[in-house]
Every structure is written in structure tokens, then in C-alpha cells.
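2 protein chains.
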Amino acid sequence: MQTQIQNQQIVLANRPNGVPTQDTFEIKDIAMPELADGDLLIKSIYVSVDPGMRGFMDKGDSDAAGTKYELNKPITSRTVAQVVASNSADFAVGDIVHGRFAWQRFQSVTAKDVEKVDPSLAPISTAVSMLGVPGLSAYFGMLKVANIQAGDTVVVSGAAGSVGSTAAQIAKIHGCKVVGIAGSEKKTAYLEDDLGLDKGINYKTTENMTAAIAEACPDGVDVFFDNVGGELFDAVFANINNHARIAICGQIADYNNAEAAQGPRPMHTLIKKSARMEGFVVFNYADEFDAAKKQLAKWYNEDQLEYTETLTQGFENIPTAFIGLFSGENIGKQMVQVAELDS
Amino acid sequence: MQTQIQNQQIVLANRPNGVPTQDTFEIKDIAMPELADGDLLIKSIYVSVDPGMRGFMDKGDSDAAGTKYELNKPITSRTVAQVVASNSADFAVGDIVHGRFAWQRFQSVTAKDVEKVDPSLAPISTAVSMLGVPGLSAYFGMLKVANIQAGDTVVVSGAAGSVGSTAAQIAKIHGCKVVGIAGSEKKTAYLEDDLGLDKGINYKTTENMTAAIAEACPDGVDVFFDNVGGELFDAVFANINNHARIAICGQIADYNNAEAAQGPRPMHTLIKKSARMEGFVVFNYADEFDAAKKQLAKWYNEDQLEYTETLTQGFENIPTAFIGLFSGENIGKQMVQVAELDS
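Chains A and B, in that order, are what the protein sequence lines are.
Counting along the first sequence from 1, when you hit position 236 you're at 236 in my numbering, and nothing is skipped either side.
Counting along the second sequence from 1, when you hit position 193 you're at 193 in my numbering, and nothing is skipped either side.
Simulated from the structure, these hints should not be mistaken for lab results.
Ideal Cβ positions, reconstructed from N, Cα and C, are used throughout, including at glycine.
Do not take every clue at face value.
Subject to a maximum C-alpha distance of 25 Å in a straight line, what follows is the list of computed DSS-like cross-link-like pairs (lysine-lysine) [said to hold, decoys possible]:
1. 112(B) with 68(B)
2. 68(B) with 272(A)
3. 73(A) with 272(B)
4. 273(A) with 186(B)
5. 273(B) with 144(A)
6. 144(A) with 272(B)
7. 272(B) with 59(A)
Under 7 Å between C-beta atoms, here's a sample of chain A residues computed to sit facing chain B [unchecked claim]:
8. 96
9. 229
10. 279
Turn these sequences into a full structure, and let the hints guide you.
Have a look at this one:
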């Protein structure tokens, strides 16, 4: 009797209303894929789950790269994988790769949709965290959009998350005073003790966030790197200085709302403060990704930048890990390890 | 019997609730001022009334220059005046000057608070319109904040006003497609026929502004120069392109609201479109005022730029002219002529 290698995928079973639930997803047994010329068979190792994916689950919505999830089709996300069979001269069995792949144990991909991971830079999982979209978002958001300068007072919301923790550290590296906002004592301790931020504020136990920001930033806020939005935005915004720069990176507070959230219009304050709010997606800076990855890896290897992962084990637990993002439990990058690397 | 020269001032009699009324103001007979060393006695000729002044009538509010109106003290605004007596070596009787002066027929000012008007550039009233704060706001807002490029589709709200009409023409001069929004058929005719804009839209008779903007801008909106805010903002914002730049210059829709207006939060769209909203005050660019005035005057003298004034006659009608700004009757700069120039 021959042992059949098992393959599985996770599809979008139902479009979520608000926060996704287990019913949003369905795990299916599927056949091992055939390999066409130029294709690779890859085995998923580390699957990244990100709050921004929530938007692709709504009908007709799509991200900068044109991604949109279709019903009964597999979810895709940034994944680190290993080549287990190759019909491409550019990839060998055993190579580590990353890309936006389906939530499948095994899949065939065309060589052009795949990028090699350089294991000499940092641990391979960082290809989709510190050296991937989250780290690059932090890098370009801080340096290009917010244009941080030494001496700036910088506030980061979602500071214990994957983007926020990297963004906050980049600001520290550049000589800024950095205040991080997060949602638990464990997280604010991580911000202050592990990342060395000047102050961590737990918004869940702080009654008046506007006053708390004012107290933590007596000279006002020069840069706000916003991953959260909603009322946290308002509290930081009430404290901005003249010529403040607000980099809008994510809005996890709103991802599950069907309608555009209402809030105070910011225009008057933008005028009074000659301030700027700018949204961005990291792909605007694709030409500069390689240089940015090298810089991030350099800071990491010089112990100036650390990364933190919350690692869930098991392919079947990918939905749970994704859903957990919205209750704010993860510190650093939420990842799912679905297989061991073959050595 | 000697004829006494009459002097008068207009003070803030009551802080307005919402739109200012005649009761907001009071005209008082006052004595002619004494002149200290270095002072000038000036006679007001053209008084500018501007929507942004509304904010200074609220308690504790102040503009970038620290202006705030106090109860029973005269209102101040940008004014063109003539020197009728001088204790300063730098100014001669008959000189034309401008500055932020009190609403008074005559007043003494210190020489350092006064700037000479160069009558060779353009008609002297333009020192507080096309070549003053409104024109400079249009100039720096379009060129520095919105960073217009040839081929951009540009939408200007409040386009028939003093700032908007100049802003729209500057965008035309730079090879942009320009759509102006205004509040009457007379104004949209002015935009299309006099200023040569590509399209004027009357928001008061247009049921669905979002659709009207989409129709007028089939390639989307690259630059939005906003003087109005509120729901007009939302309608234009729904049509922005990737990398759109939104210069927030004024918010006349909100000036009479005590509380910050509520509206849809713009952050999601800013991210999706990698777009930027930036507020500004013209004094950020004070170092470049002289060069900008020369450029504006050059365009004017080359017939590339025209200015329009709505001129009210009579000192006692300054309050009426100011109040009228909020019912949107003026085309171009609303000015009040309070005296004739002595030749």
C-alpha cells in the first residue's frame, strides 16, 4: 500500500459580516497539483495572517495588487515555502521562496510569482514579516511618508504589532522620542522593556487617551504612524504640532465595518496646524525594496532592530490565527507554521 | 467754525452664535488718534472681508498670526490705506500701504506693521486680494501643497471666490484640466466664460455631486483644492485618483459650527489611493511672498490671470459685506471701499 501525501486548502466559504468567524472558512482535502513546464511544487512552511486581508473578503473590494477573495476559492496570503519539485531551471528542490500563495499545504506556482529567500539575512520567516510587507511598510511609512527627523516626538498606534513594532524601532534608531499605543499590559511592557520605547500606553485601561498622549508628549506630536484609526486616531490627532505628519498605514479599528466610519472631520485642524495626513501602500516603493531589506537586515544583525513573532502551529489553525488578530492578542507578527523545513 | 474730521470704528459687540448678524458688530464714533514717534496716520481705502475671520470671533480661537478678536475692540482685517500724516522717515504722506488694520476710518499704526503697496504691479486693491493673502494662498496651495503637474485633473471648490478663482487660473496656466464648483449659475458662467475653466458645477442645483464630479472628471481627480469642506468635500473625495493631493485651504462650510463637524473618516480611502490631505496657512511661505507677488503680477499683466472684485461701498457696510460671505453672493474678492484715494 502506497502512502498518499495529503493536500488541503482553506477556502472562503462565506463572506463575513463584521468580524470573521470559523464559518467564514472551510478546509478541504484536495489532490496534489500537476506541474506544468516552468512550475514549481512548493510546500507551505510559514503562513502570514494580516488584518488588511479582511478587506479582500468583501465583495468587489481589492487591494493595490488587485487581490480579491472569491467564494469557494482558497484564501491567499504572504507565505514562506520550500520547493519540493521544480520544472524551472531557476529553482532547485530545497530552495526557500516566498510570495502570495494559497492557503494550501502544497501548490504549484509559476516561477515568476515566486521570490527566493536569502537565509543569510535573517531567519527565513522574516521574509514575510520584518523583511516582508510589514517591515517594509514600517520602513517606507516612517522614512518616506512621515519623513521622521531626529528629535521628533513620534506616536505609533498598534505599536506591538508587526508593522508598529518595526516602525517604532526605526524611529528610535533615528533619534526620535517614541510613544507606543497597544492593548494590554503585556504589550506595553514589551514596548518599554523589550523595544526600549519612551512610553507604552495601554488604551484599554486608559480612560482619557487624549490626556494620556498629552502627558506622554508634553512637547506635542510631530509624527503619528497610525495602524488603528477610530477614536485612537482622534486622541492622538488632538495633540499634533504644527507641521505634523500623519502616515496612515492601517485602520484595524474599521476593517470589519461595512460602512465608512464616521468621525470628526480633520480638515480644520489640518489647516490650523499646517499638517499632513497621507495614506500609502508599500508597493509604491517596490523599486526600493531590495535596498530597504538590506538596511532592515543590517539593523537586525547589529541588534538595533528586533522582531517578534507570535507563532501558531498547524495548517488547520490558520483561520483561528487570523480571527485572533481582531481581538488584539498577538505581539509582533502573527504567523502560522504549517510544516517543518526539509533539510 | 472748523470742520472736524469724523473718525469711526467697528467693534465686536457680541460673539456670534453660528452665522454673524448685525448685532455682532457696533459702529462707534471715536477721536482721531495721536501720533507717536515712528507712527503713521492712515486712512482706510479698501477693507477686505474674509470667511476665515469668522474663526477669530470665537473665544480663545486664534489664527496662525495669533489674531483673536476681543469684545468691544475693533475687528481687524487686511486693508489698503493711504498715509495722511507720517512721523516715520520711511513713509511719506500719500504713500499707499497695506497691513492688518482695524476697521476704522483713520488709525495710527507703527511703521513696522505696514507694508508699502507698489502701484506699478496692479491696481492697489489687489494688495489684499490677488497679490495678498488670497492670491498667495492660491499660489502656494497649488504649487507647493498640491504640487500640480501639467495634465492633472484639478477640482477647486469655492472656485468663484477670491482664493478659488486665482487657484483655478493658476492650474489652467500650468496645463491642468480644471473643474470649478460654485453656488450659482452666474458663478459657473463666470468660471467657464470669464476664467476659461473646463467646467463649472453649480452645487446648489446639482442633486448628486459625486456623480457630477465623476462625469466632469472621467479620468478621476488628481488634485483637489478645497475651500469649502463638508459634503462637497465628500463628493470630490469619492472621485480621487491614486496619488491624489488634497490641499485644504479653507472650510467655509464649517466656520460657523461650534463643534467639529462629523463626516466619513477619510483614512481608508487615503490608504487605498495612496493619497495625501494637507492643510496649510500662507504664512508658512512668507520667505517667498515677494517672488510670488511678482509672478502673479506678471501673469496678470500678460492677461493670463484675471482678478474679480465684488466692491461694496461705505464704511458702515463692512459688517453687511462680511455677513454676505456666508450666503455666498460674492464673485471674486469681497472688498469694501471706505474712502477715495487722495491724489
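Status of each hint after checking the structure:
no.: 1; hint: 112(B) with 68(B); verdict: holds, 20 Å
no.: 2; hint: 68(B) with 272(A); verdict: holds, 14 Å
no.: 3; hint: 73(A) with 272(B); verdict: holds, 24 Å
no.: 4; hint: 273(A) with 186(B); verdict: violated, 35 Å
no.: 5; hint: 273(B) with 144(A); verdict: holds, 16 Å
no.: 6; hint: 144(A) with 272(B); verdict: holds, 17 Å
no.: 7; hint: 272(B) with 59(A); verdict: holds, 16 Å
no.: 8; hint: 96; verdict: violated, 31 Å
no.: 9; hint: 229; verdict: holds, 5 Å
no.: 10; hint: 279; verdict: holds, 3 Å
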